[in-house]
Amino acid sequence: MLIRLTAVCVALALPFGAIAHENQKNPEIRYRHAIMETLSNQFVAMGLILQAKVDRPDEMAVNARALAENVRLIAGLFPDNSKGAKALPLIWDEPEKVAQAAQRAVDAADALVAAATDGNRQAIARAFKAAGDSCKGCHERYKEADD
Amino acid sequence: MKTGLAALALLLLTGGAAPAAAADDLLARGAYLTAAAGCVSCHTDKENDGTPFAGGHAIESPYGIFYTPNITPDSETGIGGWTDDEFLAALREGIAPDGSHYYPAFPYPSYAGMTRDDALAIKAYLDSLEPVRQPNKPNELRWFVPGRSAMGLWKALNSPWDYAEPAAGLERGAYLVRHLGHCGECHTPRGAGGRLKLSQELAGSPKTASSEGAPAIDNSPDGLADWALSDIEFYLELGMRPDGDFSSGGMAAVIEDNTSQLTPADRQAIARYLKNLR
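Protein chains in written order, with my numbering: chain A, 48 to 194; chain B, 841 to 1118.
Isolated chain A (complex conformation) (with noise of 0.2 Å):
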């Protein structure tokens, strides 16, 4: 009874599974995980610099303008062959909005470059602020909810 159970659960979790593993081998999609990664690890380098836990304020421009050249990017990580993953299937049934959010990231950066350009701190922050909302605003749509 145990095995027929043990097999049962090992049948229904396989297609899930194997669903998952066939994402991770589908280069669009690692393409498009690697991208949003360096667009995250950029935030984060930001954060580091605008919480002083490192001293270098002259490469905060350098990291905005880092970002503003990968977030340019995101408009066209979505082909049709790159469905899945954790994109929700609307991404692909609304792509005039999609590009319009992209472009709203896209600005967003630029505004950051130029605070960070500029130097001062508060509007550095703000600028930051909103570029990180920019993005969030977009996975609030179109990304399926981290469990």
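In short, the hints are calculated from the structure, not lab data. These numbers were taken from a predicted model, which means no experiment stands behind them. For glycine and all other residues, C-beta sits at the position ideal for the given N, C-alpha and C. It is possible that part of the hints are untrue.
With a Cα cut of at most 25 Å, we get these calculated PhoX-like pairs of lysine-lysine [as the list claims (entries may be wrong)]:
(1) A:133 <-> B:1047
(2) B:1047 <-> A:183
(3) A:183 <-> B:886
(4) A:72 <-> A:130
(5) B:886 <-> A:190
(6) B:1037 <-> B:886
(7) A:133 <-> A:72
Far from chain B, by Cβ distances over 12 Å, these chain A residues were calculated [stated by the list, open to error]:
(8) 72
(9) 100
(10) 104
(11) 116
(12) 119
(13) 124
(14) 138
(15) 144
(16) 145
(17) 158
(18) 187
Following the hints, position chain B against chain A.
Chain B alone, transformed into the frame defined by chain A:
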């Protein structure tokens, strides 16, 4: 004599301005406390570009949808003309000027710990706003939810939250977290009847079909154990977690409208209080 003259001159110079300055101070303090209490987050229908504090925001809950009321000083649809005592009763006891009870979707069990001075500073600030004529929307509650009259019994059994004294040196953080910020309303698990389980303060509430839940924000491994004080302060200021992710959902609004507006000292007080829980 010289001192006396100087004092007289100072009195003459400032005598007319002092009351105005005091009023400005009261309004500034009220604005700060209104932000700390998070009033605008709930009392603004941001989804439909509503006017701040004019209400209409839908709070979805296991009990149905509560629509927040207008708290601008409009005398017919808002809180215009309320006396100090009426405002205090509403804010800290959940009693409307007509004597009826509010549902605890309005977090008066938390606000009950707010000082009279702070509550009246908030009132002074709200009274200074432009009145907005906007009738309140009726709630859309589920069939099993009793009428407001039953809330009197609910309060007798449950409210206000009976917190233990905070540890020495953490009083300000406790006040901000427990009362003004009313963090426990989302982050503390609830027992029967919706009473907060204060022995598990800020230990998180589970996600359910009708509630998005809220994570633990005490100092447990599931909560903020891995966060430094400065990580918490930074999160409360700008919404970024140590891993680079940003706040979302209801917490994004809390950061935008509430914690980002606080002084660094108050954010630090909150962080110290949270790190001391558990």
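Inset, instruction - Could you tell me which of the hints above the structure violates, numbers in ascending order? - result: Going through the list in order, the structure violates hints 6, 9 and 18 and respects the others.
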